[in-house]
Amino acid sequence: MIYDFFFKLTGSNFLADVIQSLLPLFIFILPFALFAVLFERKVSAHMQDRLGPMRVGYHGILQTIADILKLIQKEDIIPTLADKPLFNIAPVLVFAGSYAAFAAIPFSSAFIGSNIDLGVIFIIAASGFVVAGILMAGWSSNNKYSLLGAMRSAAQIISYEIPTVLVVLSIIMITGTTNLLTLSEMQTGHFWNWMIFGGPQMGLAKFIFIPIMIINFVIIYISTLAEVNRTPFDIPEAESELVSGYHTEYSGMKFAMFFLSEYANMFAVSAIVTALFLGGYQSPVGYLGNLFGAHWLIPIEQFFWFTAKGIFFVFVQMWLRWTLPRLRVDQLMALCWKYLIPIAFVNLLIIGLITVL
Amino acid sequence: MKEYFKNAWSGLFTVFIGMKITFKHLFVPAVTIQYPDERLQLPERERNRLYVNMDDCIGCDQCARACPVDCITIETVKGVPGEDVGKTSNGKRKALWVTKFDIDFAKCCYCQLCVFPCPTECIYMTDVFEFSELKRENLIYDFATLSLQEREEKKINYAKFEAEKAAEKAAVKAAPVNKPVDNQELPKP
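As given, the protein sequences belong to chains A and B, one line each in that order.
Using the numbering used here, the letters of the first sequence map in sequence onto residues 1 to 357.
Using the numbering used here, the letters of the second sequence map in sequence onto residues 1 to 189.
Rather than coming from a laboratory, the hints here were simulated on the basis of the structure.
One or more hints might be untrue.
Stated by the list, open to error - Cross-link-like lysine-lysine pairs, in silico, DSS-like; alpha carbons within 25 Å at most:
hint : chain 1 : residue 1 : chain 2 : residue 2
1    : B       : K169      : B       : K78
2    : A       : K84       : A       : K144
3    : B       : K78       : B       : K92
4    : B       : K107      : B       : K135
5    : B       : K2        : A       : K338
6    : A       : K338      : B       : K6
Please read these numbers as outputs of a predicted model, since none were measured by experiment.
The task is simple: from the sequences and hints, build the whole structure.
Structure representation (structure tokens):
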């Protein structure tokens with residue numbers, strides 16, 4: 001494990017803790033956000049037959065760096081009538097919530113922030129924590145659009161947590177563990193051992209699981225998409241109705257924090273989907289490290305597979321964003337309460353029956 | 001119940017149809033034209049910044065009179081006899097020095113009305129459309145080819161010539177001249 005490595009390197013518990021907790025931020029979230037912002041702009045541009053940023057660097061690859069330099073220089077504006085303490089805490093809280101989720105994400109067998117037994121539950125709880133920050137931001141801005149956006153966001157995140165949890169519960173019923181590392185280890189071998197293809201066990205149950213798991217996968221993907229407020233579920237930020245929702249009044253680095261946490265959340269959610277359904281960090285076809293007998297290579301390969309899967313799902317999120325129009329509030333709630341939750345419940349019931357038998 | 005599953009299925013299925021379309025567009029070449037680097041071809045009869053070919057200009061003031069917004073100001077001075085004002089490209093002798101030919105592009109409405117009356121076709125539209133300036137005064141273009149010194153010189157020359165002529169006339173008037181015979185006094189046939 002990476003903690004032991006840092007413990008040996010520094011010889012101090014405290015330093016090892018600090019390094020390990022900062023690791024996902026500096027080696028993952030920040031580079032990922034840099035990459036994802038540009039990637040999103042490029043994907044959206046090409047889907048609309050445009051070119052996107054082309055001026056800064058080759059095909060605009062340095063555009064995000066330029067944007068960040070701009071954001072750092074910006075004035076930090078606090079509205080006169082804003083509730084200042086809440087206004088200042090909110091972006092930190094939102095970012096903390098989405099960063100906390102990274103603590104339990106298994107990037108590879110050797111790199112997991114904290115190997116907690118309640119990993120999945122922890123991630124769901126931590127991402128639910130973001131709601132508080134969003135509500136704070138909306139309320140303290142003292143702006144009707146912000147408040148409206150925050151209210152919508154809270155309603156949306158809380159409703160969509162139910163199908164997410166139901167699907168997670170069905171996975172837990174099959175595997176009997178909530179530890180994400182164990183869950184990923186269980187799906188080792190080849191891709192037919194992934195949970196979306198019925199999990200590691202063989203026999204009749206596996207073939208019954210396959211369609212149910214595919215439906216479950218679609219449900220969790222839709223509901224996590226709604227939890228990170230991405231189009232078509234972006235009614236909290238609906239530009240055309242609410243300016244930009246709860247972060248209308250924010251500027252400079254505080255806005256950048258919201259932005260960063262949005263992209264961090266996008267990956268966190270994709271990571272959960274990956275870890276639960278697509279074998280986590282497991283390679284679909286086996287490892288080069290095993291082939292050459294270089295076992296130190298395996299965790300690096302696992303890291304590669306995990307990020308590749310995660311980024312693929314982030315790409316799908318972007319893809320959906322530029323495909324679908326925004327849902328109305330009633331449609332949003334109808335989708336959750338009339339379609340996702342009942343279907344998830346039925347799936348849960350069937351999986352429960354099969355695992356009991 | 002059947003309706004419910006049909007709705008759920010069609011909802012999901014139509015999302016995939018939409019995704020297929022957007023995915024196809026991911027590989028369609030972009031229609032963007034990277035403007036300063038590559039440019040669209042302008043239409044044949046585009047109307048942009050005016051240009052005046054002063055070699056051909058005879059200072060007839062017709063363009064200034066045609067202009068609906070009075071953005072062209074022309075001042076001319078007659079050439080003194082014996083002075084070579086120059087020739088137009090079709091070989092006609094010019095009679096006037098153009099001492100001022102200003103076009104204020106801040107006022108110009110690019111209607112092209114000044115182009116048609118020009119007898120020598122010396123004022124015409126070019127394809128230059130990027131000439132923004134930070135100050136409005138910079139948009140007043142001076143087309144006259146004479147240097148400022150020359151302009152003054154021409155004016156003074158002409159004024160001198162006029163004065164001389166006037167003096168001559170006055171001298172002629174002052175001197176007693178035998179009057180020509182009036183027509184009415186001619187004997188009728």
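**Prompt:** If you check each hint against the structure, which ones fail?
**Reply:** none
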